[in-house]
Amino acid sequence: NAGVTQTPKFRILKIGQSMTLQCAQDMNHNYMYWYRQDPGMGLKLIYYSVGAGITDKGEVPNGYNVSRSTTEDFPLRLELAAPSQTSVYFCASSSNWFGQHFGDGTRLSIL
Amino acid sequence: DQQVKQNSPSLSVQEGRISILNCDYTNSMFDYFLWYKKYPAEGPTFLISISSIKDKNEDGRFTVFLNKSAKHLSLHIVPSQPGDSAVYFCAASAQGAQKLVFGQGTRLTINP
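Residue numbers (the numbering used here), protein chains in the order written: chain A, 1 to 111; chain B, 1 to 112.
Pulled out of the complex, with its shape left as it was, chain A reads as follows (with noise of 0.2 Å):
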């Protein structure tokens, strides 16, 4: 069982550059989330979505744009990379607001 699933590990961005992070469930959950995890810091939420063709803004969703096409697939796009989003990103699907399922993240390096 994949669970959550999100391409890619690592990954440098210039200044400016912009790039999607992929994040893909098989457990038909209709809730998932964005966040990302700063240094000697909490989770802070970007975006989330309660199903396919709704999203909804996080905490911090500033430079970061999404969409929910299918079920399954919650691509984060980020357009012109600054170096404040450097950060490590994680994806979360749950059937329910509460008990969400974390994907390994995504860490982010913008130079």
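Rather than coming from a laboratory, the hints here were simulated on the basis of the structure.
Among the hints, erroneous ones may be present.
Taking CB as the label site, the calculated pair distances span [stated by the list, open to error]:
#1 B/Q81 <-> A/R77: 16 to 26 Å
#2 A/P83 <-> B/I18: 36 to 46 Å
#3 A/N65 <-> B/Q81: 41 to 51 Å
#4 A/I54 <-> B/P79: 41 to 51 Å
#5 A/Q17 <-> B/A70: 40 to 50 Å
#6 A/M19 <-> B/P79: 21 to 31 Å
#7 B/Q81 <-> A/E79: 37 to 47 Å
#8 A/I54 <-> B/A41: 29 to 39 Å
#9 B/I18 <-> A/L80: 15 to 25 Å
#10 B/G60 <-> A/A82: 43 to 53 Å
#11 A/D56 <-> B/N27: 10 to 20 Å
#12 B/K68 <-> A/D56: 42 to 52 Å
#13 B/P112 <-> A/V50: 42 to 52 Å
#14 A/P39 <-> B/R17: 44 to 54 Å
Calculated Cβ distances over 10 Å to all of chain B for the following chain A residues [to be verified]:
#15 R11
#16 I15
#17 G16
#18 M19
#19 A24
#20 G42
#21 E59
#22 N62
#23 G63
#24 P75
#25 R77
#26 E79
#27 A92
#28 Q100
#29 L111
Cβ coordinates follow ideal geometry from the N, Cα and C atoms, glycine included.
Given the structure of chain A, go ahead and fit chain B onto it with the hints provided.
Here is chain B on its own, set in the frame of chain A:
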């Protein structure tokens, strides 16, 4: 504004002893609380939760206590084992919010 706070960045405990991790919150609308455990290079995994209608929930070696009047919860691990060494996150949610607010985490080290 940090609504969920874990004021101890790290904690070191002897194997076999009790580990107590603490969490404070400020939002009185929070009514569901969770603890997650995270190993390096992995995502957090759910450990235990508690609803605000309870003041204690137990699962094997793990017990969570909730003090609503003090807006404080704690996680007790008894007895502590080397495999418990990890970062522990406290999280909270308000009814209907459909999302969690996480604390900063506490790194627990169990010494043999």
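Verification of the hints:
no., hint, verdict
1, B/Q81 <-> A/R77: 16 to 26 Å, "violated, 42 Å"
2, A/P83 <-> B/I18: 36 to 46 Å, "holds, 42 Å"
3, A/N65 <-> B/Q81: 41 to 51 Å, "holds, 43 Å"
4, A/I54 <-> B/P79: 41 to 51 Å, "holds, 45 Å"
5, A/Q17 <-> B/A70: 40 to 50 Å, "holds, 47 Å"
6, A/M19 <-> B/P79: 21 to 31 Å, "violated, 45 Å"
7, B/Q81 <-> A/E79: 37 to 47 Å, "holds, 45 Å"
8, A/I54 <-> B/A41: 29 to 39 Å, "holds, 32 Å"
9, B/I18 <-> A/L80: 15 to 25 Å, "violated, 49 Å"
10, B/G60 <-> A/A82: 43 to 53 Å, "holds, 44 Å"
11, A/D56 <-> B/N27: 10 to 20 Å, "holds, 19 Å"
12, B/K68 <-> A/D56: 42 to 52 Å, "violated, 28 Å"
13, B/P112 <-> A/V50: 42 to 52 Å, "holds, 45 Å"
14, A/P39 <-> B/R17: 44 to 54 Å, "violated, 29 Å"
15, R11, "holds, 15 Å"
16, I15, "holds, 26 Å"
17, G16, "holds, 28 Å"
18, M19, "holds, 20 Å"
19, A24, "holds, 14 Å"
20, G42, "violated, 4 Å"
21, E59, "violated, 8 Å"
22, N62, "holds, 17 Å"
23, G63, "holds, 19 Å"
24, P75, "holds, 17 Å"
25, R77, "holds, 20 Å"
26, E79, "holds, 23 Å"
27, A92, "violated, 7 Å"
28, Q100, "violated, 7 Å"
29, L111, "holds, 21 Å"
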